[in-house]
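So the protein sequences, as listed, match chains Z and P. Residue numbering for the first sequence follows the working numbering, starting at 14 and increasing by one per position. Residue numbering for the second sequence follows the working numbering, starting at 207 and increasing by one per position.
The set of hints was computed from the structure by calculation and includes no laboratory data. Computed from a prediction, not measured in an experiment: that's the story for all the values here. The C-beta atom is built at its ideal place from N, Cα and C for all residues, glycine as well. Be a bit skeptical, because a hint or two may be false.
Stated by the list, open to error - Derived CB-CB ranges, DEER-like:
| id | chain 1 | residue 1 | chain 2 | residue 2 | range |
| --- | --- | --- | --- | --- | --- |
| 1 | P | S308 | Z | R143 | 44 to 54 angstroms |
| 2 | Z | N75 | P | Y218 | 48 to 58 angstroms |
| 3 | Z | E186 | P | Y218 | 43 to 53 angstroms |
| 4 | P | K306 | Z | F74 | 16 to 26 angstroms |
| 5 | P | F300 | Z | E186 | 35 to 45 angstroms |
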Amino acid sequence: MSRILVIIPAYNEEATIVPVVKSIRTAVPECDIVVVDDGSRDNTAALVRKQGIAELLALPFNLGIGGGMQTGYKYAARNNYDIAIQCDADGQHPAEEIMALVARIEDGTADVVIGSRYVAHSDYRPSFIRRIGKSLLSRWINLFIGGGITDTTSGFRAMNRAAIDVVSRNYPEDYPEPEVLVILHKHGLKVVEIPVQMRPRQGGVTSIRPQGAAYYMVKVGLAILIDIFRRYAPASAKNEGS
Amino acid sequence: MEDSTGEMVGFYLSHRIGLLVVSVAFMATVLELVRRAHLKERYALLWLAAACGGLFLGLFPQSVVWFSRSFGFQYLTVFYVASFLFLLLVVLVFTVIISKLSERNRDLAQEVALLAHRIARLEGDSDHES
Numbered sequence: 014m015s016r017i018l019v020i021i022p023a024y025n026e027e028a029t030i031v032p033v034v035k036s037i038r039t040a041v042p043e044c045d046i047v048v049v050d051d052g053s054r055d056n057t058a059a060l061v062r063k064q065g066i067a068e069l070l071a072l073p074f075n076l077g078i079g080g081g082m083q084t085g086y087k088y089a090a091r092n093n094y095d096i097a098i099q100c101d102a103d104g105q106h107p108a109e110e111i112m113a114l115v116a117r118i119e120d121g122t123a124d125v126v127i128g129s130r131y132v133a134h135s136d137y138r139p140s141f142i143r144r145i146g147k148s149l150l151s152r153w154i155n156l157f158i159g160g161g162i163t164d165t166t167s168g169f170r171a172m173n174r175a176a177i178d179v180v181s182r183n184y185p186e187d188y189p190e191p192e193v194l195v196i197l198h199k200h201g202l203k204v205v206e207i208p209v210q211m212r213p214r215q216g217g218v219t220s221i222r223p224q225g226a227a228y229y230m231v232k233v234g235l236a237i238l239i240d241i242f243r244r245y246a247p248a249s250a251k252n253e254g255s
Numbered sequence: 207m208e209d210s211t212g213e214m215v216g217f218y219l220s221h222r223i224g225l226l227v228v229s230v231a232f233m234a235t236v237l238e239l240v241r242r243a244h245l246k247e248r249y250a251l252l253w254l255a256a257a258c259g260g261l262f263l264g265l266f267p268q269s270v271v272w273f274s275r276s277f278g279f280q281y282l283t284v285f286y287v288a289s290f291l292f293l294l295l296v297v298l299v300f301t302v303i304i305s306k307l308s309e310r311n312r313d314l315a316q317e318v319a320l321l322a323h324r325i326a327r328l329e330g331d332s333d334h335e336s
C-alpha cells in the first residue's frame, strides 16, 4: 500500500485551516497530512499545533506559495512518501476527490494528476476576464508541454515519487502552478488531468488580484520560455536521507 | 580641449587634479571598508578596478584622447559612456549576487522548518500526532 502525504500550504488561513484539515482527515484517514505554514501573521500555525490534527512545518518567514509548496515536497521526499497531494487551505479543493487523483497514479497511468475545474462534470465559473486570461495562458503552456491540460493553474495535484523528486529540487517562486507543468514535462514525466468538482473558497482571499492579472500573465508567460532553456539541478544526495 | 592647431591634447589640468583626488579618496574609502569588514574583498575588486581606471586617466590623460579619436567622441562623452557601462556591470553583478543570496535564504528557511519539525518529533512533543 502506498504511503500518501497531503500537503496543505497555508498563509493566514486561520478561518479555514482546521475544518479543511478535518475534512481531509475524515475523507482519507489513511493519508498523512502536513500543513506548511508560510510565516502567517495570524493563528494558523498555533491552531494546527494546538489541535494536533496534522504535522506542521512552520517557515520562519513568508517565502511565497512556491517556497511553501517546495517545503512540503522536500518533506515528502525525505520521508519517502510514494505519493504527495497538494491541496489548498481555503477549502476549494474537495477532500473526497483526493483518492480519485491517487487512483490514476497507483494504476501507473500517470506521474502527475491534476484535478481540473474545466473538464466536463465541473461547474466552476470564473469571471469573464479571468477566463480569457487563463485560456490564453493555457494555450501558451500547452504549446510547450504537448497539449492536453486545460486547467494549468489548478493547485489540486497528486505526484508520484519521481515527480516529487523533481519538484523538491526545482520549484518556481511565485505563481508556480503553470511553470511546474513545464518543468515536469522537461523531465519526461506524464501529466494527466481529471475533472473535479471545486467548491467556492470557504474564507481568505485569492492571491491573484485583478490588477495583478496582467503582471501574472506576462511573468508566467516569460518564465515558461526561460524554463524551456534552463539547466536544472541534477538529482543529487542533497535532498536525500534524514 | 584643443590647441591652436585643432589637435586634442587631453584634460584640463583642473579635471586631471579632480580626477586624481576623487580616485585616491575613492580607493582609500574602499580599502577602509574592506579593513573594517564592511565590504568583502571579492566585491571590493570591482570598485578598486574603477578607482585604478580613474587614476590611470588622471596620470595618462593622452590615453583618453586616443580613445576619443578611436571612437570619434569628445573625451567627456567617452568618460560618461565608460562610467555608465561600468555602473551597468556593477548593478548586473549585484542582482546576480542577490539572486544567489535569496535562493540560499529560501533553502535555509525551508531547512529550518524541516529541522524544527524533526526536533519536535524527536522530543516526543505533544504537538503532533502518531
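Evaluation of the provided hints:
Checked against the hint of 44 to 54 angstroms, the pair S308(P) and R143(Z) fails, with Cβ atoms roughly 30 angstroms apart. The given range of 48 to 58 angstroms is respected by N75(Z) and Y218(P), whose C-beta atoms sit roughly 55 angstroms from each other. The hinted window of 43 to 53 angstroms between E186(Z) and Y218(P) holds, with their beta carbons roughly 52 angstroms apart. Checked against the hint of 16 to 26 angstroms, the C-beta distance between K306(P) and F74(Z) comes to roughly 18 angstroms, which is consistent with it.
In this structure the hint that F300(P) and E186(Z) lie 35 to 45 angstroms apart at CB is violated, the actual value being about 19 angstroms.
The structure fails hints 1, 5 (numbered hints given earlier, in ascending order).
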